[in-house]
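Chains as they are written, first to last, in the working numbering: chain A, 1 to 94; chain B, 1 to 521.
Possibly wrong hints are sitting among the right ones.
As the list claims (entries may be wrong) - The list that follows gives simulated cross-link-like pairs (lysine to any residue, SDA-like), each with its CA atoms no further than 20 Å apart: (1) Lys266(B) x Pro231(B); (2) Lys160(B) x Asn86(A); (3) Lys261(B) x Val493(B); (4) Lys173(B) x Thr21(A); (5) Lys160(B) x Arg6(B); (6) Lys173(B) x Trp471(B); (7) Lys358(B) x Trp471(B); (8) Lys261(B) x Val208(B); (9) Lys83(B) x Asp120(B); (10) Lys173(B) x Gly61(A); (11) Lys433(B) x Pro364(B); (12) Lys378(B) x Leu19(B); (13) Lys306(B) x Ala274(B); (14) Lys83(B) x Ile60(A); (15) Lys83(B) x Trp471(B); (16) Lys362(B) x Lys83(B); (17) Lys173(B) x Asn86(A); (18) Lys433(B) x Asp219(B); (19) Lys173(B) x Ile60(A); (20) Lys261(B) x Leu85(A); (21) Lys358(B) x Val493(B).
Keep in mind that the hints were calculated from the coordinates and are not lab data.
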Amino acid sequence: MTHIVALLLLVTALMMICASTAKHHKKVFPAGLDVGMRKKLKLAGWFVMLISYFFVIRRIGWGEGSVVWFGHVSLAVILVITALLNIKIVQTKR
Amino acid sequence: MNGMFRQSMAWLHTWTGLLVTWALFLIFFSGTVAYFNEEISAWMRPAIVASDTSPEISTQQAVAYLQKNAADAEEWNIYLPSKRAGYTQVYWDYANGEDQDVKLDGLGREVAVRDTKGGDFFYRFHYNLYYLPILLARIIVCSAAFIMLIAIITGIITHKKIFVDFFTLRFGKGQRSWLDVHNVSAVLALPFHLMITYTGLITLMATVVPFIAFANYEDGRTLFAALFPQPEQQELSNAPAPLLPIGPLVVQAQELLDGRKPEYVKIVYPGDAAATIQVLVSDTSSISTNSNSVVFSAVTGELLTKLLPSGAAMSTRGVLVGIHAGRFSDTITRWLYFLSGLAGTLMIASGAILWTVKRRLKLPDPENPHFGFRFVEKLNVGFLVGMPVGTACYFLANRLMPAQMPDRYDWEIDALFIGWGMVFLWSIVRPTKHAWIEGLSLAALLYAFVPIISAFTTERNLFVSFLQADWVFVSFDITMFVTAFIFAFAARVMMQRTHSRPMKRLGNYEMKPHTQKEVTP
């Protein structure tokens, strides 16, 4: 359960951070986003990431929790990259 | 100034990387596989059905077996079943130096198993390599790890836009694509790469800086005794005395050691009045690999010593080695370790390929490259495809060779190197591009055959394992199929590129991502 929640939180966080970068946000928000909104998204993303870290170490402990958290960050990145690549494919086909 | 600095770092990254890339690939590949060493061992000994007998009962069964079959031995060693390896391993030594070992199932019966090194081969190969003197091998591994550390740090400096370029993967663009794969696999598990390289050096620190140790200790033995204190050896009394029932002692030991699950029991001079029992607790319940143990008299049950690792330095080392080996992991964390290791393996492989892709474009005559270029190209095929092919041969040999063959485990390992050597030879004989496609296809075929051959030669095929909820066997077989699929996919991509664009020239990949249409092969 800890693993699933941690992963979901991290995927959410990374999605937010990605959506806030100039390169990616137009894919999710075709109309574009203003600078203030992008800043907020980025902050929120990092905040969720922080929460996920404290969530994991509260559940598993500092030592093992940190190891597990970094592992989940890597897995979340793999998932987000896969998602981003598929968004790209949909757009190119259009 | 800044630009100059980054350029020199890029140069250092390229050439330090190339220097050790193949050694690193082997180390990362075997290390990644070794995260599942016990699961692989279980798969390679299909005669044993896993059980989760308690340490108390397993020890009793083992002692009963030893009293019947090895009563005159000088020392009994019992490795108790763990969560991952569900069987008891028993070793015993005689006074004349002879030793023997058997494996016991959950009911304490001896199981006839095929003689194999199992997953431990990868674990040892990870730092001892093979066919080489251990010291030389470790010096090679240490040097590679040191240079890896340089390559990682220079790589981070070179790849300045970690966050701006976050997750950019552009497919079908030759050099750019390889660069993206290299960057993404590096960035996505960067903390892991840094951690694993540094802690890897810590595990071999006696090889890295032997001078400090030998300035303070006379020789290896005194150093070892100080690092891993052993219980004081009792004198053989030559007065026979019966062994106490072992079960209650194991339970008592578990209580004395914070309730951690006993992993290993050692009985010295069984049947003698001076007999002792040492119980070590498992390192799976904390990060550190340091073990704690208690020693009892086997005749009176008196507690003789309690051995705990001492000192801040030893504890630090224990934790660092523990993070490296990840023995504390539950199943999910183990898979996370495995994934991060795969990312590292992919990073090294893509780096090696990137070196050639980048230079091929600048060759004066791409059809006839100079010797250095060809050398790197051939070694790339030989290592990056050879080692996986060899590994598949190792698994297949385990299933195909007769169970009673003499020197069986040696032949299994030789099968790995024979398979690997064949790929090497093939890569030299064939044009490189064809060697890639054929090598990758062969790997796909061999990995797909592993579970199929296993289904024909043992009674534990995928369906049976699934019905019995035997997840180790199920995951192993599925992992083999997935690996086969990945190699087949890689071979197909390679084939399409060779047919559609025999030699990609500079220029195409400089187009903007969204305007490029001809990339789909």
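Taking the earlier hints as the rules, which of them does this structure contradict? 2, 3, 4, 6, 7, 8, 10, 16, 18, 19, 20
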